[in-house]
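Novice: So the protein lines, in turn, are chains S and U.
Counting from 0, one number per residue, gives the positions in the first sequence under numbering that gives the first Met the number 0.
Counting from 0, one number per residue, gives the positions in the second sequence under numbering that gives the first Met the number 0.
Be careful, since some hints might not be right.
[Unchecked claim] Incomplete in silico selection of chain U near chain S, CB under 7 Å:
no.: 1; residue: 25
no.: 2; residue: 103
no.: 3; residue: 106
no.: 4; residue: 115
[Said to hold, decoys possible] Dumping the calculated SDA-like pairs for lysine to any residue here, alpha-carbon to alpha-carbon at most 20 Å:
no.: 5; chain 1: S; residue 1: 39; chain 2: S; residue 2: 158
no.: 6; chain 1: S; residue 1: 39; chain 2: S; residue 2: 15
no.: 7; chain 1: S; residue 1: 158; chain 2: U; residue 2: 33
no.: 8; chain 1: S; residue 1: 158; chain 2: U; residue 2: 36
no.: 9; chain 1: S; residue 1: 92; chain 2: U; residue 2: 266
no.: 10; chain 1: S; residue 1: 39; chain 2: S; residue 2: 5
no.: 11; chain 1: S; residue 1: 39; chain 2: U; residue 2: 105
No lab work stands behind these hints: they were computed from the structure.
Only a predicted model underlies this, so the values are computations on that prediction, with no experimental measurement involved.
Using N, Cα and C, we set each Cβ at its ideal position, and we do this for glycine too.
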Amino acid sequence: MRCVSLIEVAQLRKVFRRADKKPGLAGSVRHLVERRFVDKVAVDDIDLRVEAGEAVAYVGPNGAGKSTTVKMLTGVLVPTSGTVHVEGRVPHKDRIANARRVGVVFGQRTQLWWDLPVRDSLELLRDMHGLSDADYRRNLERLDATLGLAELLPVTARKLSLGQRMRADLAAALVHTPPIVFLDEPTIGLDIAVKDRVRAFVRELVAEGTTVMLTTHDLGDIEDICRRLVIIDQGRIVYDGDIGTVVETYARERTMHFSVAEAPASLAGIAARLPDAAVAEGPSDAQLDVTFDPAVVSSARVLAAVQAEADVVDLRIDEPAIEDVVRRVYAGELGAGGMQ
Amino acid sequence: MSAAALLEAAPSGRLPFAGRTRARRSMARTAFRSLVAHQVSFLFGLLATAFAVLSMLYLWRAVLANGPLHGFDWPHMRAYLLVTFVAGSLVSSYVDYRMAGRILQGDVAMDLVRPVGYQDARFAEALGFGVYELGTGLLVAAVAALAFGGVPGPAPGELGAFVVSALLVMPLRFGIVYMSGLVVFWTQNYIGVQAGRIALVTLCSGALVPIAFFPGWAQDVLTYLPFAGMASTPALVYVGHLAGAEAWRAVAVQAFWVVGLWLLGRALWGAASRQLTVHGG
Ligand SMILES: Nc1ncnc2c1ncn2[C@@H]1O[C@H](COP(=O)(O)OP(=O)(O)OP(=O)(O)O)[C@@H](O)[C@H]1O
Ligand SMILES: [Mg+2]
Chain S
0 MRCVSLIEVA
10 QLRKVFRRAD
20 KKPGLAGSVR
30 HLVERRFVDK
40 VAVDDIDLRV
50 EAGEAVAYVG
60 PNGAGKSTTV
70 KMLTGVLVPT
80 SGTVHVEGRV
90 PHKDRIANAR
100 RVGVVFGQRT
110 QLWWDLPVRD
120 SLELLRDMHG
130 LSDADYRRNL
140 ERLDATLGLA
150 ELLPVTARKL
160 SLGQRMRADL
170 AAALVHTPPI
180 VFLDEPTIGL
190 DIAVKDRVRA
200 FVRELVAEGT
210 TVMLTTHDLG
220 DIEDICRRLV
230 IIDQGRIVYD
240 GDIGTVVETY
250 ARERTMHFSV
260 AEAPASLAGI
270 AARLPDAAVA
280 EGPSDAQLDV
290 TFDPAVVSSA
300 RVLAAVQAEA
310 DVVDLRIDEP
320 AIEDVVRRVY
330 AGELGAGGMQ
Chain U
0 MSAAALLEAA
10 PSGRLPFAGR
20 TRARRSMART
30 AFRSLVAHQV
40 SFLFGLLATA
50 FAVLSMLYLW
60 RAVLANGPLH
70 GFDWPHMRAY
80 LLVTFVAGSL
90 VSSYVDYRMA
100 GRILQGDVAM
110 DLVRPVGYQD
120 ARFAEALGFG
130 VYELGTGLLV
140 AAVAALAFGG
150 VPGPAPGELG
160 AFVVSALLVM
170 PLRFGIVYMS
180 GLVVFWTQNY
190 IGVQAGRIAL
200 VTLCSGALVP
210 IAFFPGWAQD
220 VLTYLPFAGM
230 ASTPALVYVG
240 HLAGAEAWRA
250 VAVQAFWVVG
260 LWLLGRALWG
270 AASRQLTVHG
280 G
């Protein structure tokens, strides 16, 4: 098969067999005699092509099959059926050659040796990838500039905070300057400052021409990094297209949650002042929510309208979550335009 | 060099031989360091093995109090037990403990995104752990030997066979430990597998009771199974019970199983990675 795209995935499918065991010892014993399994289709015949230099956001709700896809792209898992090619190689057959060309971060896991300083783990990776000392030093300097690596090098991995650990893990995944990078939730559990740092780092990778596939639940991660959005749900790709379209259509709405000193007799007054927004009661008496499109109604106008009718004690703004977008896209709200 | 040029320059394919050697050495060194980092568990491990070897020696001294049995007098039995003890301390359980834990928790995914063969990498790590295990094993054995009035030296004339036999112990033990670690892909539980493996190896390798004490038919079978080479063979060569052509034949059986278990391990890994799964996010 001739491969034209950098990453080519066709009719890719992964089915997990899970033992169907009743709870307890009795269940376990029974399972020995009567082996019953349930099949779980984690990835359901997906097609995907990624060109060199693209930055693709790969998103979807929990259990959608994102990590499973990444694992097949990196040769960790063998597909049940279908084909995967990365630079023309089949990752699980040519795992080692593939591993030298790709960098992978699984946010919930670490590449680092837990009991050793970060430096030792990186030096091990240097030797595994056969980097010369000069190349290694130069790559470390590059990584240090954006990730602040130097201060982490002498620290034992188990003593790193989550954010520090993620920075060290990014360095570990990229120490061999791979042209293809898979990032599976690289910002999970990080505070805003570290998130920003990681995002800036990934943006830089993309600017340098690295092909990046980014999995995340954080819309903020993808908006300023990726141009292309692929949404997967229950193992199927439900959207593949321009990120701007989706964000403009579905991620425009913000919700402002107000706490007020005294519940207004009726919300009608506020609603009358804000004809283009949805006003609803909040979870308790003295709370109310206003959902609006900032392009149509400004936040300031919303605030002014509510203040005119009630005494605002506190407010909080909710950015749209990627899950909402996915749900709405899946529910068919997005026209066929973006669909494959 | 520009970033784009760096990306272009990123190599592919397998490393050349020298690079692979460097990678293996690095893996071994890293494994070794990670053990040294645990000084407390080091001390406890040392104490536990010291007690194990001392109780073995006391037991056998009592058994042999009335004279030699099956060709073993007390000084030679001491030598035999200490050699099997050192052999038994190699590839004890760090390798499979780590492997099984990583498979069960899904961290094996991180082992697989690295550009090294899975079995190769585990073997290199086992060598690193092995340096540590050999060091502590020899230390305990030396102290025990002193406490019990020394041990006779290796049988003269068998030194060559002994050295080769001793060198084959580690890869041989690795073969069985590696496979028992892989079994968790199917069993999803390791405690039982490990306990079973340890019991089997301890009994069949002659580490508890020399194979000469077993019934005749069992001796015949055990001679050709891989277990004898994991402890009994080098110890018997050391004390001179296996000599000349017989010693080399036993070494050949060891070598056969080193290759055989390596290939079996590879096949098992193939089966495991094809149909089985890696857990979690
Ligand atoms: N080893 C496994 N055995 C059985 N089922 C599995 C296994 N790994 C994943 N699954 C199932 O496959 C489905 C997809 O899992 P996957 O980890 O790919 O989801 P995900 O999109 O990465 O989700 P998340 O956002 O929660 O990380 C889930 O239903 C999960 O329970
Ligand atoms: Mg996941």
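Novice: Does each hint hold? Answer for all of them.
Specialist: Quick rundown of the hints versus the structure:
| no. | hint | in the structure |
| --- | --- | --- |
| 1 | 25 | holds, 4 Å |
| 2 | 103 | violated, 13 Å |
| 3 | 106 | holds, 6 Å |
| 4 | 115 | holds, 6 Å |
| 5 | S:39 <-> S:158 | violated, 37 Å |
| 6 | S:39 <-> S:15 | holds, 5 Å |
| 7 | S:158 <-> U:33 | holds, 14 Å |
| 8 | S:158 <-> U:36 | holds, 13 Å |
| 9 | S:92 <-> U:266 | holds, 15 Å |
| 10 | S:39 <-> S:5 | violated, 29 Å |
| 11 | S:39 <-> U:105 | holds, 18 Å |
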